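Listed in order, the protein sequences are those of chains V and E.
Residue numbers for the first sequence follow my numbering, beginning at 1 and rising by one.
Residue numbers for the second sequence follow my numbering, beginning at 274 and rising by one.
Simulated from the structure, these hints should not be mistaken for lab results.
Given the structure is predicted, the values throughout are model-derived calculations rather than measurements.
For each residue, glycine too, the CB sits at the ideal point set by N, CA and C.
Careful: at least some of the hints might be erroneous.
With a Cα cut of at most 30 angstroms, we get these calculated DSSO-like pairs of lysine-lysine [to be verified]:
no. : chain 1 : residue 1 : chain 2 : residue 2
1   : E       : 392       : E       : 330
2   : E       : 380       : E       : 328
3   : E       : 404       : E       : 380
4   : E       : 479       : E       : 469
5   : E       : 350       : E       : 392
6   : V       : 43        : E       : 577
7   : E       : 522       : E       : 635
8   : V       : 100       : E       : 404
9   : V       : 100       : E       : 708
10  : V       : 260       : E       : 392
11  : V       : 260       : E       : 522
12  : E       : 484       : E       : 423
13  : V       : 43        : E       : 563
14  : E       : 341       : E       : 368
15  : E       : 441       : E       : 368
16  : E       : 368       : E       : 427
17  : E       : 427       : E       : 350
18  : E       : 484       : E       : 341
19  : E       : 328       : E       : 490
20  : E       : 469       : E       : 484
21  : E       : 563       : E       : 577
22  : V       : 159       : E       : 635
23  : E       : 423       : E       : 328
24  : E       : 708       : E       : 628
25  : E       : 368       : E       : 385
26  : E       : 442       : V       : 34
27  : E       : 708       : V       : 159
28  : V       : 96        : E       : 708
Chain E is faced by these chain V residues, among others (derived, beta-carbon under 7 angstroms) [as the list claims (entries may be wrong)]:
no. : residue
29  : 97
30  : 208
31  : 228
Spelled out, the chains give:
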Amino acid sequence: MKKNPSVGFYIFLAIFLIFILFPFYYVFLTSIRKPSEIYSSFKIYTLDPTIQSYIHAFTWRPFGRYLYNSFIIAGGTTLLSIIIASFASYATARLKFRGKSILLGVVLGVSMFPQIAIISPMYIFLRDMGLRNTHMGLIIPYITFSLPLAIWYLTTFFKDIPFSLEEAAKIDGASPFQAFFLVIAPLAAPGVFTTAILVFIGAWNEYLFAYTLNTDDYMRTVTVGITMFNSQYTVPWGEISAAAVIVTVPLVIMVLLFQKRIVSGLTSGAVKG
Amino acid sequence: MKRVKYRSIDERNEAITAYLMILPAVLIIALVALWPVLNSFWISMFDLRLNHPSKNKVTLEYKIDLEKFADTQYYIKSIFRQLRASEELNSDPQKVDAIQAEINSIKEELIKQPGIEEKYTQVETLLDNMKPVNDDELRFAVISHDFAEKYLEKVANVRASLEALSLKKDDAASQGASLMEELRTSILEPNYIGLKNYAHFFNELKVKDGKLGRLGKTLLNTLFITVVSVGFELLLGLMIALIINRPYKGRGLTRAAVLVPWAIPTVVSARMWLSLYDGQTGIFAYWLTKLGIIPDAGLLLTTKSGALFSIIFADVWKTTPYLALLLLAGLQGISADLYEAANIDGATRIQQFFKITLPLLKPTIVVSLLFRTLDAFRIFDLIFVLTGGGPGNSTESISIYAYVTMFSQMDFGKGSTLSIMVFLCVTLISIFYIKLLGADVMGNRLEERG
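Start from the sequences, fold in the hints, and give me the full structure.
Structure, rendered in structure tokens:
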């Protein structure tokens, strides 16, 4: 382990970061270019920026509505999964009972289910229930991957809280439920928050269910909406890029704010477990 | 003694509380994940087509299409009028009477079946008013297996008698015989077909006339994309993790940058790369042509090899940073003391890598590979947006094939068969990795967590 990284190291790092970030930069550049410039210039800067594409993104398509739908669906999914998973994870992490590894094995297995394997019965069920083109109609299928994910992450976080606190609560005569709500829940808040971010991102990014189940333009989510910017004669690259930027920016902000938490969540899922 | 007993009750109470707490999660998982998978398997044994009037529901029962049956009755009446009017055909009126009696008995017995009479009257009323029967509940009535068999036997008899009566092509008797085909197809057999859908797809795995079947091609594509992308991602990810595993200025920035491709939706990254690969405006395609790597910018998305490269490149871009992050965390878990001791013993860096880093990193590598392989194998969004499975269907993955079968052709039976195949492949891949990791290690990991 060298203490002071060499110049070579920083050059490597720079190349790596450019490789990751250049596509974002270029898409942003396309989004502020005039249509004529998009088709004529391969320069990596522009001297004539415009916000026309952003205005189009919101007026050509109900892009605001897409964002709203995604927000409600991803938010609802997160809320439901976190509530149900908190109980299950608390029990798994801190109480003694038989069949714990089986439960965790099933949870892990289900979190890896290919979505395509459940889409046909899900589609028929939601159609028969009249839940297609509703928010609830996407929250239900999203629970399939978000609940196992939430249980998996929350169990890790709950395990990291010292056992002595609960013991003390028990000695003072608290029931497991009281111990959970009064002692563990406040301490677990950061872990719960991290899990919520991870689950939210997962639900926000989903495409297959959203594309097949909510086909009414008014009920589309943002991932589906972004693929709807097409015109008959030329490809509206400016508008497509503007839409991509609008979807990316909130995620970038979230990542910048919570990067440490997200990394700890991701790595505890794969490395520790 | 008393204390032990008390403790065991306490523990039992704790277990009961625990079961109560996991109950909602278990129920929901069973309902929204396990039940649908079993249901997919069930559907895969049916000829279920959502756009087909008589096959749009899973059914194990025999049914009769009352609209078709009632409609045919009008034609039968007119045929018999023609038969009786014709001197040649009506040479033996008793014979014609017998045939008509038999055909009437079919209808009489049908009416006697439970619940049919009421429906039949309604259907007839609609037809009399020249209205179509739109209500499937009304149109398709359930009948018993026994009745269906008797019905079909009688229809076949009448058909044979009419054919025997016929003197020349297209006379009334011959037309009557062909009407029996209508009656025969009014009976809908259960659309349960056992493993026929599976047999259909096993055929598509074979090479015929030097060409591999569609599923075979699809599977090869999926495996190729999985192996190449995951391979590159692992090698690059490991390299990056090893290089950045040291203190330096700007770690936070690196971490944030690395997370962004992981955090954005695959669809968005696919859209971004689509604009960079575009033959007219894409800067990536433009650079590749300038560098002389491809002769024409349009080739990236219009040829099979170009499209496969584009898919893999976009996937590597999106996931390598994530893998590097996981491996970095694994590397940071290895104690520095080990390397110091190795240095003192005079081990070279390469020896250290193979004797310390790699063995200790193995569990992290295997677990990350497991996640990545499963993800790559069920690849859908990226291909769907980037190439739509094209050009032709040359870059179709197995998930895309299942999707197209279900939602473009509306063939849910065959589509579910493909999705069950994806499910089985994913299970096999998991078993392979768990073996690789050692079942004990996996078990221990679950226990540790529990």
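### Query
Which hint numbers doesn't this structure obey?
Of the numbered hints, 8, 10, 12, 18, 26 and 31 do not hold.
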